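Enquirer: So the chains spell out like this:
Number of protein chains: 2
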Amino acid sequence: MSTIRQIEGGVTAARGFMAAGTEAGIKYKGRRDMALIFSTAPCVTAGTFTSNVMKAAPVIWDKDIVEKSPFAQAVVVNSGIANACTGKQGMDCCRAEAECAGLALGIPAEAVFVASTGVIGMQLPKDRLEAGIRKLAANKAESVEAGLDAAKAIMTTDTVPKQIAVSFTVGGKDVTLGGMCKGSGMIHPNMCTMLAFLTTDVKISKEMLQKALREDVVDSFNMISIDGDTSTNDTLLVLANGLAGNEEISSEGEEYEAFCQALHYVTTYMAKKLAGDGEGATALIESRVIGAATKEDARILAKSVICSSLTKAAVFGHDANFGRMLCALGYSGVAFDPENVDLYFQGVSGKIQVFGNGQACDYSEEDAARIISEPEVTILADMHMGDEEATAWGCDLSYDYVKINADYRS
Amino acid sequence: MSTIRQIEGGVTAARGFMAAGTEAGIKYKGRRDMALIFSTAPCVTAGTFTSNVMKAAPVIWDKDIVEKSPFAQAVVVNSGIANACTGKQGMDCCRAEAECAGLALGIPAEAVFVASTGVIGMQLPKDRLEAGIRKLAANKAESVEAGLDAAKAIMTTDTVPKQIAVSFTVGGKDVTLGGMCKGSGMIHPNMCTMLAFLTTDVKISKEMLQKALREDVVDSFNMISIDGDTSTNDTLLVLANGLAGNEEISSEGEEYEAFCQALHYVTTYMAKKLAGDGEGATALIESRVIGAATKEDARILAKSVICSSLTKAAVFGHDANFGRMLCALGYSGVAFDPENVDLYFQGVSGKIQVFGNGQACDYSEEDAARIISEPEVTILADMHMGDEEATAWGCDLSYDYVKINADYRS
Numbered sequence: 000m001s002t003i004r005q006i007e008g009g010v011t012a013a014r015g016f017m018a019a020g021t022e023a024g025i026k027y028k029g030r031r032d033m034a035l036i037f038s039t040a041p042c043v044t045a046g047t048f049t050s051n052v053m054k055a056a057p058v059i060w061d062k063d064i065v066e067k068s069p070f071a072q073a074v075v076v077n078s079g080i081a082n083a084c085t086g087k088q089g090m091d092c093c094r095a096e097a098e099c100a101g102l103a104l105g106i107p108a109e110a111v112f113v114a115s116t117g118v119i120g121m122q123l124p125k126d127r128l129e130a131g132i133r134k135l136a137a138n139k140a141e142s143v144e145a146g147l148d149a150a151k152a153i154m155t156t157d158t159v160p161k162q163i164a165v166s167f168t169v170g171g172k173d174v175t176l177g178g179m180c181k182g183s184g185m186i187h188p189n190m191c192t193m194l195a196f197l198t199t200d201v202k203i204s205k206e207m208l209q210k211a212l213r214e215d216v217v218d219s220f221n222m223i224s225i226d227g228d229t230s231t232n233d234t235l236l237v238l239a240n241g242l243a244g245n246e247e248i249s250s251e252g253e254e255y256e257a258f259c260q261a262l263h264y265v266t267t268y269m270a271k272k273l274a275g276d277g278e279g280a281t282a283l284i285e286s287r288v289i290g291a292a293t294k295e296d297a298r299i300l301a302k303s304v305i306c307s308s309l310t311k312a313a314v315f316g317h318d319a320n321f322g323r324m325l326c327a328l329g330y331s332g333v334a335f336d337p338e339n340v341d342l343y344f345q346g347v348s349g350k351i352q353v354f355g356n357g358q359a360c361d362y363s364e365e366d367a368a369r370i371i372s373e374p375e376v377t378i379l380a381d382m383h384m385g386d387e388e389a390t391a392w393g394c395d396l397s398y399d400y401v402k403i404n405a406d407y408r409s
Numbered sequence: 000m001s002t003i004r005q006i007e008g009g010v011t012a013a014r015g016f017m018a019a020g021t022e023a024g025i026k027y028k029g030r031r032d033m034a035l036i037f038s039t040a041p042c043v044t045a046g047t048f049t050s051n052v053m054k055a056a057p058v059i060w061d062k063d064i065v066e067k068s069p070f071a072q073a074v075v076v077n078s079g080i081a082n083a084c085t086g087k088q089g090m091d092c093c094r095a096e097a098e099c100a101g102l103a104l105g106i107p108a109e110a111v112f113v114a115s116t117g118v119i120g121m122q123l124p125k126d127r128l129e130a131g132i133r134k135l136a137a138n139k140a141e142s143v144e145a146g147l148d149a150a151k152a153i154m155t156t157d158t159v160p161k162q163i164a165v166s167f168t169v170g171g172k173d174v175t176l177g178g179m180c181k182g183s184g185m186i187h188p189n190m191c192t193m194l195a196f197l198t199t200d201v202k203i204s205k206e207m208l209q210k211a212l213r214e215d216v217v218d219s220f221n222m223i224s225i226d227g228d229t230s231t232n233d234t235l236l237v238l239a240n241g242l243a244g245n246e247e248i249s250s251e252g253e254e255y256e257a258f259c260q261a262l263h264y265v266t267t268y269m270a271k272k273l274a275g276d277g278e279g280a281t282a283l284i285e286s287r288v289i290g291a292a293t294k295e296d297a298r299i300l301a302k303s304v305i306c307s308s309l310t311k312a313a314v315f316g317h318d319a320n321f322g323r324m325l326c327a328l329g330y331s332g333v334a335f336d337p338e339n340v341d342l343y344f345q346g347v348s349g350k351i352q353v354f355g356n357g358q359a360c361d362y363s364e365e366d367a368a369r370i371i372s373e374p375e376v377t378i379l380a381d382m383h384m385g386d387e388e389a390t391a392w393g394c395d396l397s398y399d400y401v402k403i404n405a406d407y408r409s
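Going down the list, the sequences are from chains L and W. Its first residue numbered 0, the first sequence is counted upward by one per residue in numbering that gives the first Met the number 0. Its first residue numbered 0, the second sequence is counted upward by one per residue in numbering that gives the first Met the number 0.
It is worth saying that the hints were derived from the structure and are not from the lab. There may be inaccurate statements among the hints.
Same chains, same names: a pair is fine if it fits in one copy or spans any two.
[Stated by the list, open to error] In silico DSSO-like links for lysine-lysine, alpha-carbon gap of 30 Å or less:
id, residue 1, residue 2
1, K271, K402
2, K271, K67
3, K350, K402
4, K350, K28
5, K26, K350
6, K350, K87
7, K350, K210
8, K402, K205
9, K205, K28
10, K28, K172
11, K294, K172
Source: prediction; values computed, not measured.
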């Protein structure tokens with residue numbers, strides 16, 4: 000097994016990748032709102048996208064690029080306006096963005112991904128968008144700072160930029176994988192998360208890259224929820240430019256496994272960051288289910304707990320109200336015997352059992368309250384039905400979630 | 000078609016029904032927390048219950064009574080503690096309650112329904128419960144006031160008692176149907192609502208009563224959601240004592256239809272009251288879907304909108320952020336063409352179209368904001384795919400929802 004080492008940076012960490020962030024005044028003044036990722040060499044790509052019927056225009060554009068373009072080299076992202084529910088005008092805007100970026104970067108329009116996040120139902124201001132793209136192309140750089148600039152430019156209600164990079168070995172060659180992502184409302188990924196972009200210099204076939212991504216999201220991005228609303232814009236893209244010089248990964252085996260492990264490290268890190276920085280969140284909630292009969296059961300049960308508004312409000316209130324978590328397991332759709340479920344609260348300050356044999360355990364409310372007051376709390380359920388397990392991540396429900404979403408547009 | 004006339008009262012409106020409410024100190028002091036419904040004559044019964052795997056003990060007890068007892072005559076309800084996740088001790092408590100009530104009322108224990116609402120995971124205090132039952136039995140009365148006392152005693156975070164009674168005609172006889180119910184958190188009924196009790200003097204066979212109830216809840220109680228959490232205790236019971244003297248309804252036909260219409264009037268009224276009085280709610284949201292391909296599609300689409308946290312927060316903020324409603328339609332699981340959806344906001348102050356032909360309409364934000372600020376707002380979606388329609392009811396998401404649920408137990 001290859002060792003995975005976390006290193007500095009994000010999307011510019013891998014060889015040949017440049018980035019930039021800028022203020023384009025898309026919807027607000029004085030706020031970084033456009034980002035660019037660029038690879039000096041053509042990239043193999045893979046992507047997963049929202050399952051929402053109301054797909055935003057950039058989602059439709061990017062799906063086409065992943066499926067039909069022989070390669071890609073750039074991603075243009077804006078925040079402020081989502082370019083969703085915008086009809087033909089919205090699609091035309093995607094093409095204009097890609098053509099503008101292609102011209103500025105010297106690559107075909109069909110090698111440019113576009114992504115948007117923000118308010119649904121508004122049209123993008125084409126002039127400002129194109130001016131922004133030209134500025135991004137002129138300012139792009141390989142530096143760590145340039146990567147951070149890009150990560151900051153895609154934030155909406157996020158409180159911190161989210162990026163990571165890791166180094167690992169494939170066939171004796173050093174390989175780097177980096178990425179950035181943003182939340183933090185309308186997050187209930189079904190295929191992938193809101194916006195996440197991964198860049199790597201590994202050499203890998205398109206088929207194996209897509210397979211790795213598809214199988215990974217099931218236990219990473221698809222296991223988080225902030226508010227149960229599956230966005231119109233969910234997009235996860237990976238660009239692999241092959242500059243690490245390893246022998247191409249074109250089948251399963253040790254090298255493929257090494258890549259998958261690094262990928263999972265990065266996606267899980269990002270998923271947890273997204274969940275913990277959910278709109279208004281004060282705590283990361285980890286819901287871990289063990290002893291389930293099937294893997295799918297484990298996933299459904301784990302996710303049901305972190306989606307429960309009442310569980311989320313209880314964590315916000317530091318109230319060890321375990322009945323709400325049992326209730327959420329109970330309505331998940333998975334059949335089980337309530338008499339056989341053990342429920343625990345776990346944090347750095349300890350682990351206590353709160354429920355077993357069909358009723359409350361004799362635990363200390365004080366201990367339970369202390370654990371549930373930690374910034375990262377784990378709710379652990381042992382179903383005693385088999386050996387499968389899964390983990391899901393969410394956040395608490397606070398006054399600030401309501402505040403942020405009651406006047407998001409103003 | 001029989002005329003349905005709303006009359007004064009609730010569970011005591013129909014002939015032969017008595018009720019009472021009292022303070023039993025179940026969990027809190029100085030608060031009405033126990034209620035009794037009693038029929039002087041044996042009743043045919045029907046019920047629907049939570050689909051949650053973690054069924055509360057009273058739910059298991061009541062299902063047994065509906066399925067196995069030849070008749071029933073009483074319902075004992077407490078608030079404060081839900082008797083859910085309480086194992087064998089919880090079931091023993093149900094039996095003790097029924098035996099105590101049976102003794103005090105002179106009926107078999109197997110003719111007594113029990114119902115509980117409140118905190119999950121705590122055991123009920125048997126002594127106080129039995130003292131409460133004896134007090135209720137002694138104080139029961141046929142008056143309007145007694146019915147209101149009962150409706151008040153089952154409230155938890157409800158802000159108003161919820162009851163209704165109607166009068167209608169079956170085969171030339173005056174029939175009365177009344178009821179009471181309570182919310183107001185953990186409401187996402189799947190089978191029925193939290194707690195709702197209907198009493199009627201109609202003469203009807205058990206089969207037809209159960210059929211009427213089962214078919215009704217699909218478009219009444221099952222179409223509301225306050226927070227997406229399906230309770231462990233959801234219970235809807237109907238008791239029919241036959242004292243109206245009509246010829247027994249034992250098959251479909253005019254008489255059965257008259258009863259079904261009255262039933263739907265009452266259940267829809269109650270469902271809307273529950274939704275509008277959701278925890279922390281400042282507005283009732285009605286989501287109406289027309290032009291759907293199938294009835295089931297219409298229901299799923301309508302319900303998806305009222306379950307969306309982002310839609311709920313937008314209504315609280317009086318923000319006509321229609322993209323969130325389209326987004327909720329889009330992730331509902333129903334396939335449709337976004338280009339063909341028309342979306343409207345409707346209130347007493349008018350109706351405006353906000354979306355059509357795949358993009359935003361040219362509407363006045365001021366008009367939209369005025370409509371969405373009303374205490375009852377309708378979000379209307381025309382899918383243009385067929386003739387089926389459905390309506391769902393929910394409420395906005397406010398700071399108070401978080402406040403109420405962050406320290407519910409304290």
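Enquirer: At most 30 Å between alpha carbons: which applies to K402 and K205, within, between, both or neither?
Expert: Neither: 43 Å inside a copy, 50 Å across copies.
Enquirer: How would you classify K350 and K402 at a CA-CA limit of 30 Å: within, between, both, or neither?
Expert: between (33 Å within a copy, 27 Å between copies)
Enquirer: How would you classify K26 and K350 at a CA-CA limit of 30 Å: within, between, both, or neither?
Expert: between (47 Å within a copy, 28 Å between copies)
Enquirer: Check K271 against K67 for me: Cα-Cα at most 30 Å, and say if that holds within a copy, between copies, both or neither.
Expert: neither (32 Å within a copy, 50 Å between copies)
Enquirer: For K205 and K28, with the copy left unspecified, which applies at a CA distance of at most 30 Å: within, between, both, or neither?
Expert: neither (40 Å within a copy, 67 Å between copies)
Enquirer: My question is about K350 and K210: at a cut-off of 30 Å on alpha-carbon distance, are they close within one copy, between copies, both, or neither?
Expert: This pair counts as neither: shortest intra-copy Cα distance 37 Å, inter-copy 49 Å.
Enquirer: How do K350 and K28 come out at 30 Å by Cα distance, when the copy is not named: within, between, both, or neither?
Expert: This pair counts as neither: shortest intra-copy Cα distance 48 Å, inter-copy 34 Å.
Enquirer: Is the C-alpha distance from K350 to K87 at most 30 Å within one copy, between copies, in both cases, or in neither?
Expert: This pair counts as between: shortest inter-copy Cα distance 26 Å, intra-copy 55 Å.
Enquirer: At most 30 Å between CA atoms: does that hold for K28 and K172 within a copy, between copies, both, or neither?
Expert: neither (45 Å within a copy, 72 Å between copies)
Enquirer: Evaluate K271 and K402 at a C-alpha cut-off of 30 Å and name the case that applies: within, between, both or neither.
Expert: Result: close both inside a copy and across copies, 23 Å intra and 26 Å inter.
Enquirer: When Cα atoms must be at most 30 Å apart, do K294 and K172 count as within-copy, between-copy, both, or neither?
Expert: Neither: 34 Å inside a chain and 59 Å across chains, both beyond 30 Å.
The structure is inconsistent with the numbered hints 2, 4, 7, 8, 9, 10, 11, although it conforms to all the rest.
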